[in-house]
Structure formats: structure tokens, C-alpha cells
Amino acid sequence: MSVLPFLDVALALLVVGLAVWTIAARDLFASVVGYVAYGLLLALVWVRLYAPDVALTEAAVGSGVTGVLLITAGKRLGAARAGEAGPSPGLALKLFAGALALLVAGALVAIILILPDPAPSLAPQAAAAADGPGAGLGNPITAVLISYRSFDTMLEKVVLILAVLGVWSVGADKAWGAAPAPLGRRNPYGATVFLAQMLAPVGAVIGVHIFWVGADAPGGAFQGGALLAAMWMIAMMARITEPPRVDARWLRLALVAGPAVFLIAGLAGPLMAGSFFAFPHAFAKPIILFIEAFMLLSIAVALPALVAGPPNGRSE
Amino acid sequence: MMPPDPTTPGGALLVLAILLPCAGIILSFVLGGRNAERVALGLTPFGFALACAIAFHVASAGKPIVYALGGLAPPLGIALRADGVSAVMLVAAAVILTAAGFYARAKFATPEGGPESRSALTFWIMLQAIWAALTIIFVGGDLFNLYVALELLTFAAVPLVCIDGRPETLAAALRYLLFALFGSISYLLGVALFYGAYGTLDIPLLAQRVQSTPIVWLAAALMTGGLLAKTALFPLHLWLPPAHANAPAAASAVLSGLVVKGSFFLTLRLWFYVLPALSAAGAANILGALALAAIITGSVLALRQARLKLLIAYSTVAQIGYLFLVFPLATGAHVWSGIGWSAGVMQILAHAFAKAAMFLSAGLLAEALGHDQIARFAGAARALPMTFLTLGLGGLSLMGLPPSGGFSAKWLMLQASVASGQWVWTLPVLAGGLLAAGYVYRILTPALSEGDIMLKAPPKRSREAIALGLALIALALGFAPQGFFDLLEIGRPLAAGTLQ
Amino acid sequence: MNEPLLAAAGLIVLTVAVGLVRILRGPDDVDRLMAVQLLGTGGIAALLLTAYATGVPGVDDVALGLALLAAFATMAFVNLLETDDDETELGETEP
Amino acid sequence: MIPLVDLFSLCAIGAGVFFFFAGTVGLLRFPDSLTRLHALAKADNLGLGLVALGLLPRADSALAAFKLIVIWALVLLSGASTAQLIGRALRRGRK
Amino acid sequence: MSPWVLAGLVGAALVGLGLYGLILHPHPLRKLLAFNLIGSGVFLVFGIVARRGAAAGFSFDPIPQAMVITGIVVAFAASALAVALILRLHAESGRVTLDPEAWTKPDDGAAKS
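Residue numbers (my numbering), protein chains in the order written: chain V, 40 to 355; chain L, 600 to 1099; chain E, 567 to 661; chain Z, 1158 to 1252; chain D, 4 to 116.
Any given hint could turn out to be false.
[As the list claims (entries may be wrong)] Pairs of lysine-lysine, DSS-like flavour, derived with a Cα cap of 27 Å: (1) Lys1055(L) - Lys213(V); (2) Lys1055(L) - Lys706(L); (3) Lys1059(L) - Lys706(L); (4) Lys213(V) - Lys706(L).
In case anyone wonders, no lab produced these hints; they're calculated from the structure. Because the structure is a prediction, the values reported are computed rather than measured.
Take the sequences, apply the hints, and build the full model.
Here is the structure:
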């Protein structure tokens, strides 16, 4: 009898327990911290599902960057504790919400238990097609993201541009063009600066490494970009560097670099390989890596911009 | 073994129609300032031409046009498909977005050499993003691709709601965002279940494979629930009136006229294209009942509003109800379901044009008078005849009086309910018309009464003309020839020709 | 030799899970954050142990990512603690 | 008969588990935040360090072994720095 | 019980919990957390679909996994937009209530006959 099932059950109970805490906690910030812990554990669950690519994304984006975003918001709003969000819900609403939640969760459990056997899968087809458009990529997930379903990936990068603009657009009119508020305190602690100076270069190397191995092993532009973004944010927290002005030309170019290069490569498809978003067999791998490099840049810039928030007019 | 490439002639137009606004977003964002406006407006003729070219191809081929991206056929690749109804929707969206763009120049223009402004950059980019998202929604053939399009639509629409930055608009935008996010995630869960059951997300492939199993029903219920929240069907309509009433007029026109139609269109795709094999009379009747409730609630609330823009927004809640009557009236392979289908699409179009025209007029009115309190409209019709003519013509279509697209839609709905023996659905159609007459009357009566009114600034003729033009299109839809209804049938599963 | 590794992973997960009681009890936000930090470290250890026991490829990169971000949330948090009143705190001025 | 390498791994990992345990007990039982921080730092540095040390001989490649060391070094660095940051914040009476 | 069934049950529980919190909590940040719980529950359902698709010679089906990666990034972007809106709302008005009534100005109300 293996220990592994017990590990899985313990992990599952922990994840659900933290989720319950996130929902049930009285205190706003306690709930946020519960969610951050939950995100960490979720990365472990993904490893157990044989999804290291997703685990890496979850660790970097779902837990890391989202954690900083939520902790910042939770701490700022937590200062003005509950009471201003409106009256707490009545019993009828509680019963309704509980019944609906139970119904949906119960139906989902029932369905998951009767999912068809054998499960349908596109894995063999994806592997077969790897001889064609996804040529030479050992990591099937990268092949799916950049080749078979490249259109989704490109549009998702456009979504990121819109999200950044949406976050910026929340700011005040007179602040437009300025930089977002700094991420760190005015006089950063020595320990923060030291940590940033040590961590950021190592982290950048690791980020690029994870991007680079992504063609053949778990990793890729998303995960590498998210780590680079985190490192940039750490440097900004230590005030080694500042959030850029929202009208900085280089920032905007970097934000659109990924989708723009993707779009151009997609448009060039008919010339290269006879179809939009198709890549010629012989050059598929270099082209895909080329596109991914720009996506890495865009992600590394977009995530910190999303966390840094709208431009801030007040000069320090 | 690879399935053959399903691409048809003209399919490349679909890719271009999507990439054009995407490229516009990228260019506007990088060039910034006044260039954002130049790019957005400069691309409109091309977008419109592409939409017309797609419609022409579909009409002349008599069957849907298809493009397999990357030369990869589904299930591995993503296919784009335009059928009759997509073609019509593409053209309608192009017209309304172009109109809204030119109308908005007065508010969101950046002066030559002036600094970039927050609201202008946001508006011009989000306008193009809505265009891109709607185009994908109308021609997307893959459920996950459509999910990304839904998110694109959300991220484009929410900032438009709070573009003027007042706290109540921020609250409205936040509420809208939360509803929309719930909607997308619920939709996505359905997508996961479909993939788990059938290993594909391509709409025609799924349509061949689906059977009436619990997993399909749960997936359909989750996706429908999510889409209803995004479409603001009663009782999930609470977010809509404040969001649509607080946005700038040009944005309101697009949000009310088009954006809610995007998620509604996906509901149509789901039930009529993915799940035609299901005998879904029960589900259709539930949607019909919600539609009835939406028509009554929305209209009654519209009657009670003091502000014109809120009144028009509540009228949208009611008119969305009409849209959902298409489910009981067109589900299944009956002789009458074609009539119900035509009625549903006609209602989308008529409402889109009429509502856009009314919101644009309401914006002109608010600018000219400095307020939009209906009670203080006395004498306004004499001062602003063209604006009130537009409001009246739009109202005509909402009421369903001939000749108008609204009349055609409601007339076809009545025909379909009588032909199908579902007499109960004649009730909301007729009652909704009466209530609409009530609230349109409430706008026009004070305006037509005597009174002295001071205009802060007379509206520009060209902007009035844009609104009037949209209202006239809503009327002209009432004269749609048979060929138009034949076009709507192209590619519809269970359409008359494909029966047996 | 894999079972002991898994058992160790299980023990570590259980231990840090008990430590999460600090998130529930607090009393201060700092205590809650310390529990998360412990969970992060324990998670990395458990991850490494399961990775070596089950041989799923690429897991060490996940652990690497988690290790890189171990201090991330805490740094953000400490920064916020200081923004309340750092003007009066040190009396230094920025150039 | 357990090979010597395995014995080493077992001992190191077992010690690592113990430190995690000790850290958790400290986090839960110690009376105030500063002392709890103390316990946490031990678990962070020694617990994970010993686990990594135990896994070191089991790494398939030099790169994998190198990654283990880097993971430990990163956590060590992060743990020490955040402990200082939190401690400093606590000393100033912020929560 | 195989690991994927367990993960599926966790996913279902997360969706239920998140739904409950989304409806119930008045605070928008709590609603956002609940939405994120639903999101990760949905991603787990994708995850088990991918794991079950482990056909001969493959340990997973890459297509649902790639969709999850796309989904995580989009969910983060949505969270960032929501947080920006919440913080701005809080800064502008000092409150974060979503109750429409609270934002109705006196002259916005229903027409008095």
C-alpha cells in the first residue's frame, strides 16, 4: 500500500479547508492570506495531475503575482474594516446561495464520476501533427499554445493589453501620462534592497531559463514571463527601479510586442505555409521561439503594469 | 489521420475581419494621442467593407464560408465560420460601431498637438476591441475561442462604463465586471465538460456527437446561466441599467445595442447550433418564462424612471426579454420554427439600431439641455425637433408599430406562437408593446407640451443625422425583402432545406 | 526507497497544515503571513520529495519558481506596513 | 541492508522533517510574534536545507543537483531577509 | 480512488464554495476572491479532463492544459482590473458598496406621480 493516496487526500482536504477559510473568514485580510496559501497548495495539486506547466503558471501567476495584488488591496482596504460594504445578507439569501452552491457542486460531482470511459483525447492527434505545424517541439503544451491554438493565444495577449489599458483608465484625468504610484516605501529597508539585488538577477536568469527550456520541457513564455515580471516587481518594491510612465513609448511597444509579432507572423502565414497562422515546416521551431521571445517580453511588462495600477498624479 | 482542410473560398476574409481591429488596437495603443482616433476611424471603412464582402460571399455561395486557421482542421485546430446570421450581424455591428465612432468625435477628439487624454485613448481602443470581440463571436467556430472572445468583450466594455470616473460609474462598472466574470467562468466550466465528454470544442463536430446525457445538460445549463448573466436576462439584469445609463452616450449605444447581443448570440449558437439534436422544449419554455418576466419587469421599471437614459436602459432589459422568446418559438424542427428564427434575428437587429439611435439622441439631449430629467423636457421638442424625431422613430420600433423592424419582429413572433399553438407567448408580445407605448409616450408628452427652454448649446447637425440614420435603418428593416430572410436561413441546422 | 520520501512529504504537508492554524487565529496579520511563509517552504520540500519519488518531469522547475517567489508576498506586505507613516519615521528626505 | 547513500538520505530528510515539525510547534506555541518568527526561520532554513541535502545524492544530473542547491540558497536568502523585515516591523510596533 | 477523481471532487467543492461566497459576500474584494475560487475549481475540472485524456504513451492531453494556462492569465488580468476599480472606488468615495440604492442620487429615483 503506497503512501501516495494519503498524501493526495491530505492535500485535497487542505485545499478545500483553505477555500472554506477564504469564504468564511470574518476578517478581510485573513481571508486574503488564506487565499494566497490556497494558491500555493494548488500548485502542488497541479503537479499531482501531471501538469508541471500549469503548476508553474499557478505558482508564478495564480499564487505569486495575484498574491501580491490581493495582499496590497486587502491591506489597504482592511484598514477600513467591514461595515462599509453594505449590510450582511439575510437568512433567505443565505439559504438560497447555499442551496444553489450545493446543487451546482453536487451536479458537478455526479458528472465527474460518470465522465465517459475511455476519455476522449486529442493527445495522439497532437503528437501526429507535431510532424507538421508544431515541428520539433518536445513540449506538446507549447505546441498547442503557439501552433495549434495560436489564435487563442494571440487574442489572449490582446486581452492583456486591454486589461492594462482598463487598469490605467481608472486613474484620474489629470494624472494621465504619469507613472503609477511606487511599489515600495519611500526609504526602502536595507534588507529589502539586499534581497532585491540578490534575487532579481538570479530570478531573471531562471525566468529566461524556464522560457528557453519551454520548447521541449515544462515552461515557456507564460511561465518565464511571469517570473521575470515578479523579479521586476521585487526591484520596484526595493525602489531600485520605478514603475514607468504610462505614456512611455518603450513601455507601450513592449506591451504590444507579443501580440504584434504574433499577428504579423500569422498574417505572413499564407506566404510562408499557405494558411493564416501556419508556419513552414522547416522553420517552425525557430519561428515559434521568435514569437515566444516577444510574448515573454509582453508578459513580463504587462503583469507588473497590472499590479502597479493606474497613473498617480501626486508627486512624492 | 488528418481530416481534410475545410476552408472554403472567401474564408480568408473572416481572418482579416478579426485581425483588422486587433491591428487597430495595437497601433492605437502604441501611437497614442490623436492617432488612436485616426486609426479607429480610418479602419471603419475597411471593417465595413470586409463585413459586406463576407455577407456577399455567404449570400452568393448559399452556404457558410469556413476558414481553418493554420491549415489545421478541427478538432485540433480552430475553424472560423460565417453563416447567414453571422453575416447579417457583422454588417449591423459595422454600421452601428461606425456610427458610434463618428458620433463620439465631438466628445473624444484630441485636439491637434494636444496631450493624450485618458478618456479618449480608452474610448477609441475599446471601441475597436468591441469590434474585434463581436466579430469573433459572430464567426467563431470553437467554444474555447469564443470564451476568449467573451473575455475580450468584457475587458473592452467595462472600462467604457466608468470612463468618466464618477464613483457611481465605478460602482456600476465593478458590478458589471463581477457579473461578467461569473458569466465567463460559468461558460468555461461548460466548455470543460463538453471537452471531457466529446474531446472537441468545434461546433459542427459537437453537434454531430452530442446526445441527451446528463453531462451535456449540465454543460448546457452552466453555459446558458453564464451567458444569461452577461446578457442581463431577468433576474440577472440588475447590473445593466446603471452601467448602460452612466456610460457616455456613444458607449451606451454600443453597449446596449451590440454588446449584450454578443452573449445572446452565443446562447443562440449553443442551443441552435451545438445542441439542435436535443429535444429542449422544457429548457426553451423556461427561457420563455424568464423572457416574459423580463418584458414585464423591464417595461414597468422603465415607466417609473425619471431620467431619460435610465428609462432607455430599463427598456433594454425589456427588449432583451423579447430576444429570448426566440427559444420557445424556434426550437426544434417544425414548420414554424423558421418563422420564430426570423423573428428572433429581426428583433436583435431592430433593437440594436433603434436603441443605439435612442441612446445617441439621449446624449445629444443631455448635452443640449444640461440634464436628462424627463419632467423638465417641456418645450424641448420644438427646440430639438430632429433629436425628438429620432427618439420617436426609435420608440416606434420598440413599440412594434408598422412600419418598422420592431413591428416585423413582433408580427413574426405572433405568427410563430399562433402557428405553434403556443398562445401563451402572444401575451408578452402584446403586453410589452403596450407598455413600450407607455414609456415612449412618457418621453414625448412633456417634450411636446408648451414651455420655454434654454439650450446650453445646439447639437451639431451631423451628430443628429447619425442618430436619425440609425433610427431610419430600424424602420427600413420593416421592409426587408424575402431574400433577407432566406439569407438568415443559410447554415442554420434544422433549417427548412436541411430537414428530413 | 520511494515510500519513505513520500511519507516524509506527507509528514511535512501535515505539519505545515497544522501551522496554518495561525492563519485562523492570527492575532495579527504578520502572524498569518508567517504561516503562509512556512507553508511555502514546506510546500517546496514536499514538492521536491514527491518529484524525486514519482519522477514527474519538470517539477524541480516548479520548485525553483516557488523558491524564487518565497519572499514575494512578505515583501509586498512589509512595504505596506511602512507606507502608513513613513514620512515621520526616519526624517530622511529623498534627493 | 540499506545502501549507505539511502541511509544518508533518510537521516537528512528525517532531520528536515523534524525541523519543520519544530518550526510549526514554535509557530503555534510561542507567545509572541517575534519568538514565533524565530521558530519559523529555523524551519525555513534548516528544514528545507536538510531535505535538499538528502535528495542531493539522488539527483539524476549535475543540473538537477545544482537546482536543488539553488532552491535552498534562494529560500535561505528569502527567509533570512523577510525575517529581518518582519522583525523590524514588529519592533516598531506595526502589525 | 484515483487521483483525478479526487481532484475532480476538489474542483466541484471549490466551484460550490466560490458560488456561495460570490452571491453572499457584500464586499467586492471578497466577491473577487470567491470568483477566483470558482476559477481554480473550473481549471481543476480542465485538469482532470486533461489527465484522463492520458492516452497510450501520453501522460496527459495537452489541449485542456494549454487552455488552463490561458485561463489563469486571463483570470489574473480580470482580478487586476477588479482590484483597480475597487481601490479607485474606495479612494473616490470612501466606501466600496455595490448596492445600487446606495449610489442613487435623490433626483435619480423613481418618478413620483
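Cross-check of the supplied hints:
Restraint check: the Cα-Cα separation between Lys1055(L) and Lys213(V) comes to about 26 Å, which is no more than 27 Å; the hinted pair holds. This hinted pair checks out: Lys1055(L) and Lys706(L) have alpha carbons roughly 16 Å apart, not beyond 27 Å. In summary, the hint linking Lys1059(L) to Lys706(L) is supported, as the alpha carbons are separated by about 12 Å, within the 27 Å threshold. Distance restraint check for Lys213(V) and Lys706(L): the Cα-Cα separation of roughly 17 Å lies within the 27 Å cut-off, and the hinted pair is therefore satisfied.
Violated hints are absent here; each numbered hint is respected by the structure.
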